[in-house]
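> Chain A is fixed; fit chain B onto it per the hints.
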Amino acid sequence: MKQIFILVLIVFSILSFSKTLVIKGSNTVFPIAQLWIEKFKKMYPDVEVTLEGAGSSTGIAALFNGTADIANSSRWLKEKELKKMSEKGKYFIPIVVGYDGIAIIVNQELNINEISLEILSKIYTGKIRYWNQVNPNLPKKRITVYSRNTASGTYETFEKKVLNNLKMAPWVRLVESTQFEIESVAKNPYAIAYVGVGYVTEKVKVLKIGGVLPTKSNILTGKYPISRPLFMFIDATKGYPESGVIKNYITFALSKEGQELVEKAGYVAAYGF
Amino acid sequence: MQRKLGYYFQTSLIFVLAATATVALFFLIYFMIKESYPAFITVGKEIFTSTNWYPTSYEAEYGMLAMIVGTFLLTLFSSLIVLPLGYFIALYLHTYASSWEKNIIKSGVELLSGVPSVIIGAFILMYISPILIYFDIWSTENFLLASTGLIFLSLPYAVSLMTEAMDAVDRSLEESSLALGATKFITTFKITTRASISGLFNGAVLTVNRIIGETMVVLLVGGGAAMIPRSLFDPVRPLTAVIASEMGEVELGSMHYHSLFAAGAILLGISIVLTCISRKLTRRWSI
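Protein chains in written order, with the working numbering: chain A, 1 to 273; chain B, 1 to 287.
Check before you lean on any hint, since a few could be wrong.
[Said to hold, decoys possible] Cβ pair distances, simulated, as ranges:
| hint | chain 1 | residue 1 | chain 2 | residue 2 | range |
| --- | --- | --- | --- | --- | --- |
| 1 | A | Ser255 | B | Arg230 | 39 to 47 Å |
| 2 | A | Glu202 | B | Pro116 | 51 to 59 Å |
| 3 | B | Val23 | A | Tyr91 | 42 to 50 Å |
| 4 | A | Tyr130 | B | Val23 | 54 to 62 Å |
[To be verified] Now the stretches of chain A that chain B is said to cover, found in silico as 3 or more residues with beta-carbon under 8 Å:
| hint | stretch |
| --- | --- |
| 5 | 51-57 |
| 6 | 164-172 |
| 7 | 182-193 |
Calculated directly from the structure, the hints in this document are not laboratory data. Where a beta carbon is used, it is the ideal one built from N, C-alpha and C, also for glycine.
Just chain A, with the same shape it has in the complex (with noise of 0.2 Å):
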């Protein structure tokens, strides 16, 4: 009797002691904070990280709501999220932790290297169909064109870049993932896409853009056209955290350590050069 009395207690005491951090947010900033979890855990062994990667726009959502911690972005915050925060009286701090480019990519057969920002916003909106369009040594082949679905900040990021706000073609084929994008893109010849630097591999073609590449160092001195940062938003409205998980989480983040984890996601660190 006296031990289960014992047993119990203990249970209580860690159940009571163990802290809660809860992360949401973008699906791009996802594979960095569950390498940083990993480690993170090891530190701090009685502190309980759930993390969930759905969409920027989600985890700002559940700022607003106090369901997270820490919301993951891979865009700046809205006009209208701006606006419900002066509204609410609160107050969100960023806190860059890397950065982020956005490949363009297609079939390693597809003989082309190059292309311009224009003639991409043309594919996308509809008005370039083939691509002897686009260059006419090129084959008469239908585009077949892909990105990201809505929720997606990349999409955003996309949109705002590269479209200047245009509206998609309607045959754009949205996928719910990255690794689909870079499968079909893999498969098919006549395919275009683009993703998340950190998601591109040996079986797709990345073209240069007004003839750079997005590389480490373009990426960073913003040469590169499609690149920005990522944030983490922590809610500040009562001060920025001074000790606690969430202070302890974000110091390891942009720490030596956590910024190596940033590159080994594949994507650029922010600090440390």
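Positioned in the frame of chain A, the structure of chain B alone reads:
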């Protein structure tokens, strides 16, 4: 006394369970209506008249026409193949198949109907869709593949429901028809079918409902472009695929969220209409 108490206990238990189920069902419908209402009010008839689906753009548009048409065409095409085929397989099983043959086919069909739709979708995606490139088809996931997947999924369902309906017909009816000199085929085609028409209709409606509601296959191999398909090789994006693809990432409480529920409400509406039609037809045609 004790027996009476037991009786009361049993009936009240059944009543409570049934009432819970009914109430839950009503809550489900209430919830659908409540969540989709803002979309119908704010967006209005644009949902049914426009094909522009840009729910997260700067100037958002919520036209679902392409998806509604996609759902209809896909269901129609698949049903037109599945229902007759299912009927004739059921007819064969009922009339001509010997008992061991029937056993084998039936257990095969039941096994097939247990295959998860995601497996069928993935199979088509990995083994059939790459073949299409050699035929010069621009979209390797398209209407035809989605429909093929739906046919695969719903055929076993249709067959087992229809066979059951036919098997439930009184033997004496068929025997008298045969005794009057009708062939086996005519007997089944005219007499058994007529006698089991309500079961057959129910089976058909359940199958069609299943085709409409099927999500995974159309999401995987449908192609995901919100255009009205003009040929069998165009991509298609039915309502279910939209919901499955975007619900996970949508911002709760936004117009996008409500419009996804509106898509669900449209599906529910279609299914209710179908069920009503089947009931009416059943009543008119049954003996």
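> For every hint, state whether the structure bears it out.
Now for the hints, and whether the structure bears them out:
1. In this structure the hint that serine 255 (chain A) and arginine 230 (chain B) lie 39 to 47 Å apart at CB is violated, the actual value being about 56 Å.
2. The beta-carbon spacing between glutamate 202 (chain A) and proline 116 (chain B), approximately 32 Å, falls outside the hinted interval of 51 to 59 Å.
3. Range check, valine 23 (chain B) to tyrosine 91 (chain A): about 44 Å between beta-carbon atoms, so the 42 to 50 Å window is met.
4. Restraint check, tyrosine 130 (chain A) to valine 23 (chain B): a C-beta distance of roughly 57 Å satisfies the suggested window 54 to 62 Å.
5. For the stretch 51-57 of chain A, the stated coverage by chain B holds: 3 residues have a C-beta nearer than 8 Å to a C-beta of that chain, and at least 3 were required.
6. Chain B is given as covering the stretch 164-172 of chain A, and this holds because 6 residues of the stretch bring a CB closer than 8 Å to a CB of that chain, at least three being needed.
7. Residues of the stretch 182-193 of chain A lying with their CB closer than 8 Å to a CB of chain B number 5, which satisfies the three-residue condition for coverage.
Checked against the numbered hints above, the structure breaks hints 1 and 2 and satisfies the rest.
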